[in-house]
Amino acid sequence: MVQKNAVRELEDVVVKFVGDSGDGMQLTGTLFSDVAALAGNDLATFPDFPAEIRAPHNTIAGVSGFQMHMGKRKIYTPGDMCDVLVAMNPASLKANMKWVKPGATLVIDTSTFDEKAIEKAGYTLSPLEDGSLDGYQVIKAPVTDLIKEALSDLDIDKRLAERTKNMFVLGILFYLFERDLELPLNFIGNKFKDKKKVVEANQTALKAGYNFGETTETIRVTFRVDPAPLEKGLYRNITGNVATAWGLLAAAERSGRTLFLGSYPITPATEILMELSKHKSLGAKVFQAEDEIAGICSAIGASFGGHMGVTTTSGPGLSLKSEALGLAVITELPLVVVNVQRAGPSTGMPTKSEQSDLMQALFGRNGESPLMVMAASSPANCFYYAYLASKYAMEHMCPVILLTDGYLGFGSELLRIPDVNDLPAINPPMADPNDPKYKPYSRDEKTLVRKWAAPGVEGLRHRVGGLEKTNIDGNVSTDPLNHQLMVNIREEKIARIADYLPLLEVNGEPEGDLLVVGWGGTEGALTSAVNRMQEEGKSISHVQFNYIKPLPKNTREVLSSFKKIVVCELNNGQFVNYLRMMFPEIPYNQFNKVQGLPFHVQELTDEFTKLLEE
Amino acid sequence: MINYNKVEKSPVELSKKDFVSDQMVKWCPGCGAHAILAAVSNVFPKIGYKKENFAMVSGIGCSSRFPYYVDTFGFHGIHGRAAAIASGLKVANPGLSVWVATGDGDSMAIGGNHFIHVLRRNIDINILLFNNRIYGLTKGQFSPTTPMGSVTKTSPHGTIEHPFTVSGLVMGSQGTFFARVPDNNVKLMTEVLYEAAKHNGTAVVEILQNCIIFADKVHDMVTNRETKEDRQVILRHGEPVIFGKDRNKGIILKGTSLEVVEIGKNGITEDDILVHDMYSTNPGIQRMLGWMKAPDYPVAMGVIRAAPSESYDDLAERQIETAKKTSDIQSVNDLLRSGETWEI
Chain A
1 MVQKNAVREL EDVVVKFVGD SGDGMQLTGT LFSDVAALAG NDLATFPDFP
51 AEIRAPHNTI AGVSGFQMHM GKRKIYTPGD MCDVLVAMNP ASLKANMKWV
101 KPGATLVIDT STFDEKAIEK AGYTLSPLED GSLDGYQVIK APVTDLIKEA
151 LSDLDIDKRL AERTKNMFVL GILFYLFERD LELPLNFIGN KFKDKKKVVE
201 ANQTALKAGY NFGETTETIR VTFRVDPAPL EKGLYRNITG NVATAWGLLA
251 AAERSGRTLF LGSYPITPAT EILMELSKHK SLGAKVFQAE DEIAGICSAI
301 GASFGGHMGV TTTSGPGLSL KSEALGLAVI TELPLVVVNV QRAGPSTGMP
351 TKSEQSDLMQ ALFGRNGESP LMVMAASSPA NCFYYAYLAS KYAMEHMCPV
401 ILLTDGYLGF GSELLRIPDV NDLPAINPPM ADPNDPKYKP YSRDEKTLVR
451 KWAAPGVEGL RHRVGGLEKT NIDGNVSTDP LNHQLMVNIR EEKIARIADY
501 LPLLEVNGEP EGDLLVVGWG GTEGALTSAV NRMQEEGKSI SHVQFNYIKP
551 LPKNTREVLS SFKKIVVCEL NNGQFVNYLR MMFPEIPYNQ FNKVQGLPFH
601 VQELTDEFTK LLEE
Chain B
615 MINYNKVEKS PVELSKKDFV SDQMVKWCPG CGAHAILAAV SNVFPKIGYK
665 KENFAMVSGI GCSSRFPYYV DTFGFHGIHG RAAAIASGLK VANPGLSVWV
715 ATGDGDSMAI GGNHFIHVLR RNIDINILLF NNRIYGLTKG QFSPTTPMGS
765 VTKTSPHGTI EHPFTVSGLV MGSQGTFFAR VPDNNVKLMT EVLYEAAKHN
815 GTAVVEILQN CIIFADKVHD MVTNRETKED RQVILRHGEP VIFGKDRNKG
865 IILKGTSLEV VEIGKNGITE DDILVHDMYS TNPGIQRMLG WMKAPDYPVA
915 MGVIRAAPSE SYDDLAERQI ETAKKTSDIQ SVNDLLRSGE TWEI
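Going down the list, the protein sequences come from chains A and B.
Just so you know, we're using this note's numbering here: the first sequence kicks off at 1 and counts up by one.
Just so you know, we're using this note's numbering here: the second sequence kicks off at 615 and counts up by one.
Among the hints, a few may not be true.
Straight-line distance between alpha carbons at most 27 angstroms, and here's what the computed DSSO-like set of lysine-lysine pairs gives [stated by the list, open to error]:
| # | chain 1 | residue 1 | chain 2 | residue 2 |
| --- | --- | --- | --- | --- |
| 1 | A | Lys439 | B | Lys665 |
| 2 | B | Lys623 | A | Lys437 |
| 3 | A | Lys439 | B | Lys623 |
| 4 | B | Lys665 | A | Lys193 |
Away from chain B, derived, C-beta distances all over 12 angstroms, residues of chain A [what the hints assert, rightly or not]:
| # | residue |
| --- | --- |
| 5 | Asp80 |
| 6 | Ala95 |
| 7 | Arg532 |
Please keep in mind that the hints were generated in silico from the structure rather than gathered at the bench.
Just so we're clear, the structure is a prediction, and the values are computed from it rather than from any experiment.
Note that CB positions come from ideal geometry on N, CA and C, so glycine has one too.
Produce the complete structure using the sequences and hints provided.
Take a look at the structure:
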C-alpha cells in the first residue's frame, strides 16, 4: 500500500526545468505552464537558453532552461529562486544550484550521471553522493532505464524512446502538483497527430512518469496551488515579442493604415520580425532589409507612402538608425521604432537584458531632434504599448521609440484577450484629396500636427526631406528665424502629447516615506518588492513610468510627495539623470544593477529597508 | 510571369509644363543635370501615368536636389539611402511610379549596400544615376567612379583606387535593366527613360554627366561632339551593333570576346556583326557590351539590358493576396483567439 504524502498548499511556486540544449526543456516548460494556466493559476515564464545554437553536449555552456512562476495570486515576475528544480544532467544541476531555495525539491535524471558527464560538468565527486544535496527533497529518477521498461511493450526504436525523457519527467511533475493528465495527453496527441508512434511513446512516458511519482518513496511532500482570482475572460499565454507584433497589427487594423515593417534580424528583437512575417493574411508587409539603416529607411519611405511604418531592433541597431531617426523627426512622418534592449555597449551580451538605451533613445541624434519615447513594462502589456506607440506616432505625426527588453521579449505571462474594437480609436490626420489649402507644414493649432498626404492622392503634390523647411510652405530654407521657429515647434509638438497621456498612478499611498521609481521592464520585480513591504506596514509606494518623453503631467507632483525617492534601474542611472535634468529641485537616491539580470525581489527589499531606516 | 501593371493612367493628356515645379533650379550653369531635368520633363507626360502617381526620391548630392525641380511627390532623403527609402515606398504602394535621383557617390559609396540589394530584389523603381565621377556638392573629392590616377581635392598625388564600372556593378548585382546615355543627347535619354519606365523591375540609367566645376570634360573622350560617332555605339534591340561617322564599324563576337571590325575589310559584312538582344536573360554579352571602354572600344549607349523578370513588389502583393484568400486569420481578433486559449 502506497503511503499517502503530505500536501503543502502554496501561494506561489517557482519551477525551473534545466537540461542539455537538446533535452526539450522549452517544450516541457511550456506544456507545464499551459497546464497550470488551465488549472486557473496566474503565471509568468522566462526561457534561459545559451547564445550558442548547439553548444557541446553535457557542458555548462550547453545548459538550456525554462523557468516558470505560478500562483493562486497575481504573479508579477518569473521568480527569483526556484522551489522546484528539474535537472536532466550534471551540468544543468551544477549551473543552477545557486538559483535554488534552501529545502527545495530537486527532480534529477540520475541515468545521465555517469563518470564522464560528472567530470564534464566540473564536479570532482558525484553530487548525488557527496552529501551536497542533503537538506533538499531529492527525487532521483533513472529516467533512461525507467523509460526503457515503460516502453518495452511498444515497438519503438531507441532514439525515439530517448526523446521521451522530458515527458517522463513532466509526468513526475504533474504528480507532484496534483495535475490532471488529460490536457497534456491531448496536447501530445495534437502536436504529433500524424505520427502515431510518437504520440504513443510520449503519452506512455508521461503516464509512466506520473506512476513513478505515485509509487516512489522519495516523494514526501506534494504541492497544491489553487486557482488565482483572475478576472473572468478568455486568456492565453503570450511572450512580449509576440505581444508587440500583435499590438502593431491591431493598430494597423484600427487605423486603416497598412502595416509596413522594415527590419534586420538582431537578438533579442528578431521574433517580432518573424512573427509579423507570418501574418500576410492581415495585409502586413514585411521587408527584411539588407541592414538596420535600410530597415528604418524603408519604413520611412512606407510612411511617406501613407503606411504605418515600423522598424524593430535592439541597441546596436538603434545606433545605426540614428541618422534616419533624425530624418523622420524633420519630415514629421509617423514611425514606430521598437527597441528590444539588451546588455551593451557594442555587441555586449545579446541574450541578456538591460535597460541600456534610454539615453540613446532620448538624445542619440544630431541636432535638436525630439521624439516620443515610451516603454512597455510586462510581456502582456507589450501588446497595448505597441498599439499605443502606433497610435501616438500616427496621430501626432512623429517617430515613437518603444523600449522593451530581452526579459520582456522572451518572457511570457497571461494575456486577457481583448476585443480589438474596444481599444482606443486611431485617427491619423490624413489630408483631404484636392484640398486647395493643403501645405506640407500647416498645422493643427492645438496639437501642432501637420497633415499626412500620401503620394497617389490627387492635388497634394509636395516635397519633404532632411533639409530644414519653412513652416507651412515647406520650402528649403536656411533662414535663421525660421530654423529657430521649427526647432521650437518640433519640441513643443512632442511636449503637447502629454495632454493625451494618462496620469501616473501610484501603487500605495500618494505620499509617505519612500517612493520607489522604475520604468519599463522592472515593473514586476518592483511591484512584488513594494507589495511585500506594504504588507509589513512600511510607508512605501511605487510608481512605474511607461511614458518617458513626454513625461506624464503629474510627474513633479508625484515625485514631490515623498520624503525619499529611489530610482531603480538596470543600468547606471539613465532615467534618474533624466529626472535630475527635468526636476532638479527634487533629491534622488538611485539603485542600479548592470549584470544582464533582472532585479531580485530580495535585493530590492533589502535596499528599501536600508533607505527607510537611514 | 505576373505584372500587375499597377500604375493608374492619366485620364487627360499631360504636357511638360504639368511637371514644372515652382522652385528655382540651382545647379551651376552648364551642369549636365539640366539636360536630365529636360529629359525627365519630356518623358513623364509621355509615360501617361496620373500626375499624382509619380514620386521622386533622392539622397544627398547635387543630383539629389532633383525632387525639388519636378512637380511630383518628392522625398529628399539622407546620404546614400534613396534606394532604401524608395524600396519602402514602392513596396508599400505598388501603384506609384517611383524614380530615384542619385549620384556616383550617393549610390555606390555611402549607399552601395542599398544599391546592390535593390537590384538583387528587382523592386520596380527607376534609378537615374548621375555619374560625374566626382563629389560635386562637397566640392571636388574623388568618388567610386573617378578614373585611377585622377588628381582631386583628396587625391593631390592621384587616386590609387580602381573605379567601379557601373554596368559591371549593376549586372553583378543581378540587375535586370541597365542603360547608359551621355548628358548631351537628350533625345536618346528621353527614349531610354521611357524604356526604363516600362521595365518591370529595377531600372538603372547611368547618365555620363559633366561637372563643369570639379571634373570638367571627364567624359570628353566619349561625349565630345567631334568624335562621339567613333567613340559611342548606340545599341538598339534587334539591330546590328554598328557605329562610326561612316557607319562602317561594328562589333563582332570572336571566341569569348568582343572585337571592333570594319565592315568591308577582311571579308567582314554587316551579317557578321553582333545583333543586340537587350531582352536576353543571359547577361553574358550584355556584360561585355557594358564593359567596353574608350579608346579601344566604343562606349555602349542606349538600353544594354532589359531582361524580363518578376519584380519584388509583384511577388509581395501575390503572397498577400494568396494569404488573404487561404488563411483562417482574417482579423486581429481571429489572431488573438487562435492557438491555445482558455476561458476563466
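Hints versus structure:
Between lysine 439 (chain A) and lysine 665 (chain B), the direct Cα distance comes to roughly 18 angstroms. Compliance with the 27 angstroms bound is thereby established for this hinted pair. At most 27 angstroms may separate the alpha-carbon atoms for a hinted pair to count; lysine 623 (chain B) and lysine 437 (chain A) meet this at roughly 26 angstroms. A threshold of 27 angstroms between alpha carbons decides the hint, and for lysine 439 (chain A) with lysine 623 (chain B) the separation of about 26 angstroms falls inside it, so the pair holds. Between the alpha carbons of lysine 665 (chain B) and lysine 193 (chain A) the distance comes to roughly 56 angstroms, so the proposed pair goes past 27 angstroms and is violated.
At roughly 27 angstroms from the closest C-beta of chain B, the C-beta of aspartate 80 (chain A) stays outside 12 angstroms, upholding its exclusion from the interface. Residue placement check: alanine 95 (chain A) keeps its beta carbon more than 12 angstroms from all beta carbons of chain B (closest about 30 angstroms). Taking the minimum C-beta to C-beta distance to chain B, about 26 angstroms, the non-interface status of arginine 532 (chain A) holds against the 12 angstroms cut.
Taken one by one, the earlier hints fail for this structure only at number 4.
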